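**Student:** Read off the chains here:
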Amino acid sequence: MQSVLKVTWKRLPLSTNYAIAQAVKDADVDVVSAYPITPQTTVVERISELIANGELKAEMVHVESEHSAMSAAIGASAAGARAFTATSAQGLELMHELLHIASGMRLPIVMSVAARALSAPISIWGDYSDVMNTRDTSWVTLIASSAQEAYDSIIQAYRIAEDPRVFLPVMVAYDGFAMSHTYEPVLVSEASDAFKDYIPKEPKWYTLNPDRPITMGSLANPDWYYEFKYQQVVAMKNAYDVVVEADQEYGKRYERSYGIIEEDGTDDSDIVLLTYGGLYGTMKEAVGQLRRNGMKVGIARLRLFRPFPVQDITKLAEKVKAIAVLDRAITYGMSIAGPVAREIISSVYSEGLNTAVYSFIVGIGQRTVTEKDIQEIYTKARSMMESGERQKESIYWGVRE
Amino acid sequence: MVLKERYEIRWHGRGGQGAVTAAVLVAEAAIIDGHYAQSYPEFGAERRGAPVKAYTKVSLSPIYSRSPIIQPDIVVVLDPSIDKSIYLEGLKDDGMIIINSSKSDSEIKSVLGDKYKIAAIDATHIALDVLKAAIVNTAMVGALIKIVPLASLESVEKALHETFSKKVADLNTQIVKRSYELVRLIN
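So the sequence lines, in the order shown, correspond to chains F and Z.
When we follow my numbering, the leftmost residue of the first sequence carries the number 1, and every step to the right adds one.
When we follow my numbering, the leftmost residue of the second sequence carries the number 1, and every step to the right adds one.
Honestly, the hints are just simulated from the structure, not real lab data.
Quick caveat: nothing in here was measured; it's all calculated off a predicted structure.
Using N, Cα and C, we set each Cβ at its ideal position, and we do this for glycine too.
Just to be clear, a hint being listed does not mean it is correct.
[Stated by the list, open to error] Cut-off 20 Å, straight-line C-alpha distance, at most; resulting in silico cross-link-like pairs (DMTMM-like, lysine to aspartate or glutamate):
| no. | chain 1 | residue 1 | chain 2 | residue 2 |
| --- | --- | --- | --- | --- |
| 1 | F | K372 | Z | D73 |
| 2 | F | K10 | Z | E154 |
| 3 | Z | K158 | F | E190 |
| 4 | F | K372 | Z | E89 |
| 5 | Z | K92 | F | E371 |
| 6 | F | K380 | F | D270 |
| 7 | Z | K109 | Z | D93 |
| 8 | F | K284 | Z | E154 |
| 9 | F | K201 | F | E249 |
| 10 | F | K25 | Z | E162 |
| 11 | Z | K4 | F | E285 |
| 12 | F | K10 | Z | E157 |
| 13 | F | K10 | F | D28 |
| 14 | Z | K166 | F | E93 |
| 15 | F | K296 | F | D270 |
| 16 | F | K10 | Z | E162 |
| 17 | F | K6 | F | D193 |
| 18 | F | K296 | F | E371 |
| 19 | F | K10 | Z | D33 |
[What the hints assert, rightly or not] A few chain F residues facing chain Z, derived, Cβ under 10 Å:
| no. | residue |
| --- | --- |
| 20 | V7 |
| 21 | T8 |
| 22 | R11 |
| 23 | G288 |
| 24 | V369 |
| 25 | D373 |
Work out the full structure: start from the sequences and follow the hints.
**Tutor:** Spelled out as structure tokens, the structure:
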């Protein structure tokens, strides 16, 4: 296949944080506002360096909190700038109010989140508690599983966010520490303008301009507020197709694409293990060993959390008898407490399928998950499937009670 | 020496000796050589003087797993004052210890026994001589890549120049080359 544009790539050893900084440069972002928080900090540290040494012409706004970081990004985006910010954990929580304002004002901001556990007690380590708490903020949410994918996803995120069918902010999440601080090979564009036709800088969203005065984020009375919110419902629905198209077009131009759900070995298996983020890599090697020993088990990775890809989950659920979901966050007070497991149960139910869904909680506060853990989870899930058991409560893998 | 499919290396030092930088440097050099590599610190807050671990995986094929290294093929000991029970933990039976030591071969063997392959280098001496500071990380890198060719000298030099200023990179290149020459297999 002939690629549309000749892009020369250089293969660099980068952490996911540095890969993201590189993508922000290659996306030619105009305004970056951020407040430091572990394990995100080196994203914006590196962006500061890129701005300081002239590789990226952008305004870096140093703010006093994440609340202000998102506020500044909202202001910049409302003025027509391509805006970026990055955060983790409590920083994302402090932004929470503004997450709704960014999406409600339909501003195509892109944010990277090095996913981290929430306080208290303080844990600087990784899990997805922070990301899962943004479920209802109307942000399109991608979850990457490698530094390469994080780089590519930031570029794709601007294409998705700035599409007139969407005009919503996009979050690109990835494992705090296990990815944010891990160096691995990443192909990045040699030329700084490789993406300029893929994400042209032509703001089509409503912007603040004294020549065309408009009001943004104003009061909406009961006679109209509902319609504004319904427009977000429609935009989120549209976002699914736009995410698919953005990924396919990226694949055509740059020869890398990821799909909505990455799968392996699901066609000849009756059971599939599903997760998201960096844990998928460990799962791939763990299940690879099982398959070499003749076991019929597949793996799947959710790359798109919002909008939730019910159609892809349905296709997967139709192929297998059981899906075991490994979640790295807890929905407190629910017996099935894995946030993604719950969405999958809901998808399977609404499509009238009989696929069993098993919820495993793993890797909370970066509790180690080894290949052996994953193999044992498979054994447990298979025995539940074979006995026809329906799960009443999530299994908290490895916890000391 | 022919590289096997994958090596897992654990680095042991104290905060300030540069174990994390060394772990990343070897990964960078291996990547420059066209191999696959992954490197990460023992995640958490870093404190000067505290025992530090860092990890490097080098592979001929893509590395997907992000699970921690529990049974390393090689341990690199930047600071011999760290208790051996810490750095020998999980080391494979046919594993290798690369240790910074000013002691004689027989003294080192009397401490570490003869179960593992052992290579030694007086990294502190080289670092003090060149840098006038006991930052031993790059000397250990030179020793490692001589004993197990995970990365070429040229790529380490290139990675050094991408990480540090020219002056610092040149000094460290000197260190790497010297320890590459001087490292000795003692068991």
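**Student:** Return the numbers of the hints above that this structure violates; sort them in rising order.
**Tutor:** 8, 14, 20 and 21
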